[in-house]
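Mapped onto the working numbering, the consecutive letters of the sequence shown carry residue numbers 228 to 676.
Derived from the structure by calculation, the hints contain no laboratory data. Don't take every hint at face value.
Unchecked claim - Subject to a maximum C-alpha distance of 30 Å in a straight line, what follows is the list of computed DSS-like cross-link-like pairs (lysine-lysine): (1) K407 / K318; (2) K499 / K484; (3) K356 / K318; (4) K356 / K407; (5) K484 / K470; (6) K484 / K342; (7) K407 / K284; (8) K470 / K499; (9) K356 / K342; (10) K284 / K342.
Said to hold, decoys possible - Derived CB-CB ranges, DEER-like: (11) N294 / N483: 48 to 58 Å; (12) S500 / D598: 23 to 33 Å; (13) L283 / V606: 34 to 44 Å.
For each residue, glycine too, the CB sits at the ideal point set by N, CA and C.
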Amino acid sequence: MRRVLLRSPKHPLEVASPDATLDRNMIASNSGNLVFLHAAYKLLSTPGTEVVPDRLKVRAADADAINDQYGAYVIPLANAFRLSFEPILIKMTQLIERLRIPVIVLGVGAQSNLKYELDRLRPIERSVKAFVSAVLDRSGTIGVRGELTQTYLRSLGFRDVDVIGCPSMFLHGRHLHVDKRVERLETDSRISINVSPYVRSMGDIVVSHHARYPNLTYIAQDLATLELLLTGHPKATGQETNKLPVHGSHPLFQENKVRLYLDPWPWITDLKSYDFAFGTRIHGNIAAILAGTPAYVFAHDSRTLELARYFAIPHRLMPDVPAEVDAADLYAEADFTDLNSGHPARFATFASYLARHNLDHVFANGNDASDFDAQVEQVRFPPPVTVSAMVTDPRSLTSRVQSFRYRLRRLARTKWIWRSRAAVLRRHAAWTSRLRSHRRGADGRAGMP
228 MRRVLLRSPK HPLEVASPDA TLDRNMIASN SGNLVFLHAA YKLLSTPGTE VVPDRLKVRA
288 ADADAINDQY GAYVIPLANA FRLSFEPILI KMTQLIERLR IPVIVLGVGA QSNLKYELDR
348 LRPIERSVKA FVSAVLDRSG TIGVRGELTQ TYLRSLGFRD VDVIGCPSMF LHGRHLHVDK
408 RVERLETDSR ISINVSPYVR SMGDIVVSHH ARYPNLTYIA QDLATLELLL TGHPKATGQE
468 TNKLPVHGSH PLFQENKVRL YLDPWPWITD LKSYDFAFGT RIHGNIAAIL AGTPAYVFAH
528 DSRTLELARY FAIPHRLMPD VPAEVDAADL YAEADFTDLN SGHPARFATF ASYLARHNLD
588 HVFANGNDAS DFDAQVEQVR FPPPVTVSAM VTDPRSLTSR VQSFRYRLRR LARTKWIWRS
648 RAAVLRRHAA WTSRLRSHRR GADGRAGMP
């Protein structure tokens, strides 16, 4: 039995309560992460392989134990090449540099804007180079999400870069097909909307669709909304007039039209009963696609855009989405021809990448994932967290205890994050200083402030 260590906060068949999920952050801050992490787990769960989640523990001191106990370390990543992730990237590099086993990256991405501008990533170039070099010393190539990330790594001097997309889209192997189940959307159609709380332009779109479609459901993914659903406290004060669903007084909360799934399996299953899904969350829409439900992405940054482009997911750039947009028009516009027809080739590319790194997958040699799927069917996963879980009475002792406990934990995390961000800012200041010195040396005058 070969043992593979997988970067993941939990085992995909592990059941955790909403409170435990919140306290231990078992969704890695965004439940969409579990879609690609658990897909990777399923893909690697062959009869001859034991896959073990690392619980997101990254400690260089564990290197000797990992070398002794595992045959490979597989690291699925999202937009890890970004400034705020640099402290974790450095810790991962320190661990990888001490490993003697293969290290395989599944679909890392660079964080940029819709214009794919890479200048903003210069402050972390040294850390990215160290990470990629450490991986390539233990792996033939590195797998990235799309063309932006490939271009970025090549600009840093790396050539052994494979575009493989994201494991999430290969949950069913080479078989994936999306069909429109209804000719057109009606006012009573079941529609799922997904929203990134920091994309302010989604506010008017949420309001108009709430008024137009009585069967609209908001499927949230973020930790702050989970806190709100469990404690009744909004993520920030003064949000009551915000059109985005980030406070308990929002109509979607008041009408019990908010859902947050703790596991991808019931999430995907429930989306099979919807007619359409749309919004800014890339994995919120991928979850719908995996259910065979038409979905439409509003690409608001490079990480959403390069995945939508690679997999031919219907999409628009967020700046091109008018406030008065109608889901019915998006549904009519959506074309899944390229997504469906190109999927087998994209899966072949992904499977070839695994094979080159000596990783088996459950769909190889004509096999399927029926054993794993049967195990999923036997687990009683918790239902989605809804407004009914909210403790709305401010005098409630339970509400106060829950809120106080979680806020202490969040304060501790925030303190660490700000220390990490301070380190990033110091590196940025040093890089800027070196650049100015270089400019002075080049033309004899001071650089631009």
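Structure versus earlier hints - violations, ascending order: 1, 4, 6, 7, 10, 13
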